[in-house]
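Colleague: Dock chain B against the given chain A, drawing on the hints supplied.
Protein chains: 2
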Amino acid sequence: MKFITATVEHLPAIVRLLTDDEFGATRERYEEPLPLEYIDAFARIEEQIGNSIIVAIDKEEVIGCLQLTIIPGIARLGTTRGQIEGVRVSHDYRGKGVGESLFNYAIDQAKAKGCEMIQLTTDKKRKDAHRFYERLGFVASHDGMKLIISNE
Amino acid sequence: MKFITATVEHLPAIVRLLTDDEFGATRERYEEPLPLEYIDAFARIEEQIGNSIIVAIDKEEVIGCLQLTIIPGIARLGTTRGQIEGVRVSHDYRGKGVGESLFNYAIDQAKAKGCEMIQLTTDKKRKDAHRFYERLGFVASHDGMKLIISNE
Numbered sequence: 001m002k003f004i005t006a007t008v009e010h011l012p013a014i015v016r017l018l019t020d021d022e023f024g025a026t027r028e029r030y031e032e033p034l035p036l037e038y039i040d041a042f043a044r045i046e047e048q049i050g051n052s053i054i055v056a057i058d059k060e061e062v063i064g065c066l067q068l069t070i071i072p073g074i075a076r077l078g079t080t081r082g083q084i085e086g087v088r089v090s091h092d093y094r095g096k097g098v099g100e101s102l103f104n105y106a107i108d109q110a111k112a113k114g115c116e117m118i119q120l121t122t123d124k125k126r127k128d129a130h131r132f133y134e135r136l137g138f139v140a141s142h143d144g145m146k147l148i149i150s151n152e
Numbered sequence: 001m002k003f004i005t006a007t008v009e010h011l012p013a014i015v016r017l018l019t020d021d022e023f024g025a026t027r028e029r030y031e032e033p034l035p036l037e038y039i040d041a042f043a044r045i046e047e048q049i050g051n052s053i054i055v056a057i058d059k060e061e062v063i064g065c066l067q068l069t070i071i072p073g074i075a076r077l078g079t080t081r082g083q084i085e086g087v088r089v090s091h092d093y094r095g096k097g098v099g100e101s102l103f104n105y106a107i108d109q110a111k112a113k114g115c116e117m118i119q120l121t122t123d124k125k126r127k128d129a130h131r132f133y134e135r136l137g138f139v140a141s142h143d144g145m146k147l148i149i150s151n152e
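As you go down the protein sequences, you meet chains A and B in turn. Residue numbers for the first sequence follow the UniProt record's numbering, beginning at 1 and rising by one. Residue numbers for the second sequence follow the UniProt record's numbering, beginning at 1 and rising by one.
So that you can see chain A by itself, here it is in the shape it has in the complex:
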């Protein structure tokens, strides 16, 4: 298993992972060809310094992914945060330590880029995910609040 920063060739596999999920099933659209919204979004990620998607690859197949965004900030004496979004591991590879290895890789990347904190939000309905993050040392000290502002 290896970990690399995703390129656009990995995008279909990433969208497939996001779709193959309890909540993602209704939010995502894994189709061929891939909806243009994803291609455009990937280009925007690549344009932004500090924003990347990391994939776990086994036997040339994408088996896990997460997004890591480095966010410099003023609070906490100028702490830079590493923010994690969109964590997924392929069903066939669950319970084998893939998620933990993927996080350890992402945390090393974040440290190398000056982060002193990693943060994420997890849906309160995802009980397994919550326990997984607690095992990694995360503390659920905050509420994660969302406001949809799209006009659609």
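Mixed in with the good hints there might be a few duds.
For identical chains, the list gives no copy identity; a pair is met inside one copy or between any two copies.
What the hints assert, rightly or not - Derived pair list, reagent style EDC-like, types lysine to aspartate or glutamate, alpha-carbon separation capped at 20 angstroms:
hint	residue 1	residue 2
1	LYS146	ASP108
2	LYS113	GLU37
3	LYS111	GLU100
4	LYS96	GLU134
Just so you know, these hints were derived from the structure itself, not from any lab.
Modeller: Just chain B, lined up with the frame of chain A:
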């Protein structure tokens, strides 16, 4: 009252606001001259596309601030998120709608930059903040989890 993107000249006032806070008091260091950590952090924010601090100004005084980071992502059909951090309003100006106006300005900025969602985390001990965000329409659907990775 007006809202503008902060420049380094506003930084001491921003740090003063962050320090004058129940939790900030032990985390921040408002001193003259300002600790270099803040100056360096502000430079990193300015270097990152999509990252900015917005200040509310009344009578040439900074009376409120927040950080808005635009984060393109793949999940939710390529949704771009506007992430808010470090929200503060000067004690003397509480209960006068400053926070709400500051948020409305930030939300307009986020929409103009293609965001379809605004997200933030708020410490579970900040009950007033939680109610404030709920009034604005935010839903506490997620847990906000943090992991400190600094070596200090």
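Colleague: Using 20 angstroms as the alpha carbon limit, work out where LYS96 and GLU134 are close: within a copy, between copies, both or neither.
Modeller: within (17 angstroms within a copy, 39 angstroms between copies)
Colleague: Measure nothing new, just compare the shortest in-copy and cross-copy C-alpha distances for LYS111 and GLU100 to 20 angstroms and report within, between, both or neither.
Modeller: Result: close within a single copy only, 16 angstroms intra versus 35 angstroms inter.
Colleague: My question is about LYS146 and ASP108: at a cut-off of 20 angstroms on alpha-carbon distance, are they close within one copy, between copies, both, or neither?
Modeller: So LYS146 and ASP108 pass the 20 angstroms test across copies only (16 angstroms; inside, 28 angstroms).
Colleague: For LYS113 and GLU37, with the copy left unspecified, which applies at a CA distance of at most 20 angstroms: within, between, both, or neither?
Modeller: between (29 angstroms within a copy, 15 angstroms between copies)
Checked against the numbered hints given earlier, this structure breaks none of them.
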